[in-house]
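Undergrad: Spelled out, the chains give:
2 protein chains.
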Amino acid sequence: MNSIFPSSNEIIAAHKRIESFIHKTPILTSRSIDAITGTKLFFKCENFQKVGAFKMRGASNAILSLSEQELNKGVATHSSGNHAAAIALAAKLKGVKAFIVMPNSAPEIKKAAVKEYEGEIIYSESTLTSREAELEKVLNRTGAVFIHPFNNNHVIEGQATCAKEVFDELNFLNFIIAPVGGGGLLSGTCLSAKYFSPHTKVIGAEPAGADDAFKSIRDSKVYPSVNPNTIADGLLTSLSDKTYNIIKQHVESILTVEDNLIIEAMKLIWERMKIIVEPSGAVPLAVVLKHRELFAGQNICLIISGGNIDLKKLPW
Amino acid sequence: MNSIFPSSNEIIAAHKRIESFIHKTPILTSRSIDAITGTKLFFKCENFQKVGAFKMRGASNAILSLSEQELNKGVATHSSGNHAAAIALAAKLKGVKAFIVMPNSAPEIKKAAVKEYEGEIIYSESTLTSREAELEKVLNRTGAVFIHPFNNNHVIEGQATCAKEVFDELNFLNFIIAPVGGGGLLSGTCLSAKYFSPHTKVIGAEPAGADDAFKSIRDSKVYPSVNPNTIADGLLTSLSDKTYNIIKQHVESILTVEDNLIIEAMKLIWERMKIIVEPSGAVPLAVVLKHRELFAGQNICLIISGGNIDLKKLPW
Chain A
0 MNSIFPSSNE IIAAHKRIES FIHKTPILTS RSIDAITGTK LFFKCENFQK
50 VGAFKMRGAS NAILSLSEQE LNKGVATHSS GNHAAAIALA AKLKGVKAFI
100 VMPNSAPEIK KAAVKEYEGE IIYSESTLTS REAELEKVLN RTGAVFIHPF
150 NNNHVIEGQA TCAKEVFDEL NFLNFIIAPV GGGGLLSGTC LSAKYFSPHT
200 KVIGAEPAGA DDAFKSIRDS KVYPSVNPNT IADGLLTSLS DKTYNIIKQH
250 VESILTVEDN LIIEAMKLIW ERMKIIVEPS GAVPLAVVLK HRELFAGQNI
300 CLIISGGNID LKKLPW
Chain V
0 MNSIFPSSNE IIAAHKRIES FIHKTPILTS RSIDAITGTK LFFKCENFQK
50 VGAFKMRGAS NAILSLSEQE LNKGVATHSS GNHAAAIALA AKLKGVKAFI
100 VMPNSAPEIK KAAVKEYEGE IIYSESTLTS REAELEKVLN RTGAVFIHPF
150 NNNHVIEGQA TCAKEVFDEL NFLNFIIAPV GGGGLLSGTC LSAKYFSPHT
200 KVIGAEPAGA DDAFKSIRDS KVYPSVNPNT IADGLLTSLS DKTYNIIKQH
250 VESILTVEDN LIIEAMKLIW ERMKIIVEPS GAVPLAVVLK HRELFAGQNI
300 CLIISGGNID LKKLPW
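As they're listed, the protein sequences go chains A and V. The opening position of the first sequence corresponds to residue 0 in numbering that gives the first Met the number 0, with each subsequent residue numbered one higher. The opening position of the second sequence corresponds to residue 0 in numbering that gives the first Met the number 0, with each subsequent residue numbered one higher.
Pulled out of the complex, with its shape left as it was, chain A reads as follows (with noise of 0.2 angstroms):
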């Protein structure tokens, strides 16, 4: 089953690949939330990364890894998140067409951003049928390459390459923790940890509202995601085949978080380091703050996955 995933020199080309598409995003400290959790934690922060959110790394894999024939007709996906904007923008980078399938009811802001980045929105209802409908509609009719947000190879490199550049920078952590939701970014972790630091242990950060890859794992089989229910609103998806294999086999575990400690960790990033997180890219630190003897005195690279919010919606 190993065969089937990225390989490290595809992460490592993956990174080459996109380097001029995204930025390099820094790793910050904060003195006063290690005081507050007694441990030694490292913000690696892709809210600053293109788009507001670490989705740029693997959009851009995939559309720079089509050959010229393959964009001539675009590309298309359908997302009410961070990847539709990420999808929106690799494509206007490299030249070509996007088609992003979103649901009537979507954030004005959301829509707003893709327009920014000039992809074409095609309107679903918000079931997940229509919007499959739609984007079948929208692939018959312009030839356009699907690049699913996470079941794709070239996406999980690309996520892949965000631990990547921590694990260049900080050889000595004890644990890495990504938010899971699709479990793009957390299997792209687990292959990065595996091949460039394998002493640092992975783990899954999932909101206890919408833990679908929690008990994924624990029973090795994948649950749809039903109902989930949390301010985590970038985590609300299911694993995929691809996502799943990997975590399965390469996660140390999987912990849940309620959102009243989301939103005390997203509060205390904001107060203390200044800087705008999502509430999914303040799991990490939700589970830290959930789960202090476990962590008390290690070394934890937190990946901050985003910082797209509506600043007029704020949880406090």
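Mixed in with the good hints there might be a few duds.
Unchecked claim - Rough simulated footprint, nothing fancy, chain A against chain V, three-plus residues with beta-carbon under 8 angstroms:
{"#": "1", "region": "44 to 57"}
{"#": "2", "region": "257 to 271"}
{"#": "3", "region": "306 to 313"}
As the list claims (entries may be wrong) - Straight-line C-alpha distance at most 25 angstroms; calculated PhoX-like pairs for lysine-lysine:
{"#": "4", "chain 1": "A", "residue 1": "311", "chain 2": "V", "residue 2": "311"}
{"#": "5", "chain 1": "V", "residue 1": "311", "chain 2": "A", "residue 2": "312"}
{"#": "6", "chain 1": "V", "residue 1": "72", "chain 2": "V", "residue 2": "110"}
{"#": "7", "chain 1": "V", "residue 1": "312", "chain 2": "A", "residue 2": "266"}
{"#": "8", "chain 1": "V", "residue 1": "39", "chain 2": "A", "residue 2": "23"}
{"#": "9", "chain 1": "A", "residue 1": "23", "chain 2": "V", "residue 2": "110"}
{"#": "10", "chain 1": "A", "residue 1": "266", "chain 2": "V", "residue 2": "110"}
FYI, nobody ran anything at the bench for these hints, they're computed from the structure. C-beta atoms are modelled at their ideal positions from N, C-alpha and C, and glycine is treated no differently.
Given chain A's structure and the hints, the job is docking chain V onto it.
TA: Structure of chain V alone, referenced to chain A:
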């Protein structure tokens, strides 16, 4: 008159003196805000400074410039803002006592910051008369040394180190823009530009609702700040003798801007750069948004003075 100003050697010495008490803050850029303003902007991020504001520089230099004998009995100030927290933390790091006179009505978050740094708070009424009377009592009772928030050469030298760090890195700036309240930061910026980057013009950025510095420079006399009305709560005070004299001689101009543009600038920084700035810290960008024709195509450093804001009371 020039002879009473801090010299370039004094600013260089201050920078060495406070090195271990402060962060060398990053200078960030934003392609999207450059595109919006038609300029090339460099944001000097004192929101990432210790205590979340540039005030840590002046407070540290003032305390570290005292003799052991003077420090024996501690230091004191009256302030309800960032200077209070900065004095408390710098005193704590130096191992001396800090007495802070604050009005009863000061925000809880400001009181909490001083307490966290183990400063002793003495409460007063909110009038200046009451604050000064309480301070007088504290000085008589304790023998502590009073450190004025800006009418103090050591404080001005400390604030000057912020622009000095900018000029150490960037030698091609057409403008540097600092917010102006009491004028500690602006006067220090004027001196560092004069000594370390004489081709760079210094602009003071002031809220239209608290435009006493604009009028003072225009009419060549220090006006008191009467009933200031602006969201930029760090910029309510008037200039002092020392800051007025430096600014009068060296500033290119003071530009005022209305609160609606200050809020727009602040939101732009939060959304595009994913960093938290307080209203006062957004006034320089607001000035650029207002005076587009003046700044078009120029290389401009904006000093983001701080990032302390009540996250439950945002202006949008």
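Undergrad: Does each hint fit the structure? Answer for all of them.
TA: Verification of the hints:
no. : hint          : result
1   : 44 to 57      : holds (count 3)
2   : 257 to 271    : holds (count 3)
3   : 306 to 313    : holds (count 4)
4   : 311/A / 311/V : 11 angstroms, holds
5   : 311/V / 312/A : 11 angstroms, holds
6   : 72/V / 110/V  : 22 angstroms, holds
7   : 312/V / 266/A : 14 angstroms, holds
8   : 39/V / 23/A   : 21 angstroms, holds
9   : 23/A / 110/V  : 38 angstroms, violated
10  : 266/A / 110/V : 19 angstroms, holds
In summary, the one numbered hint that this structure violates is 9.
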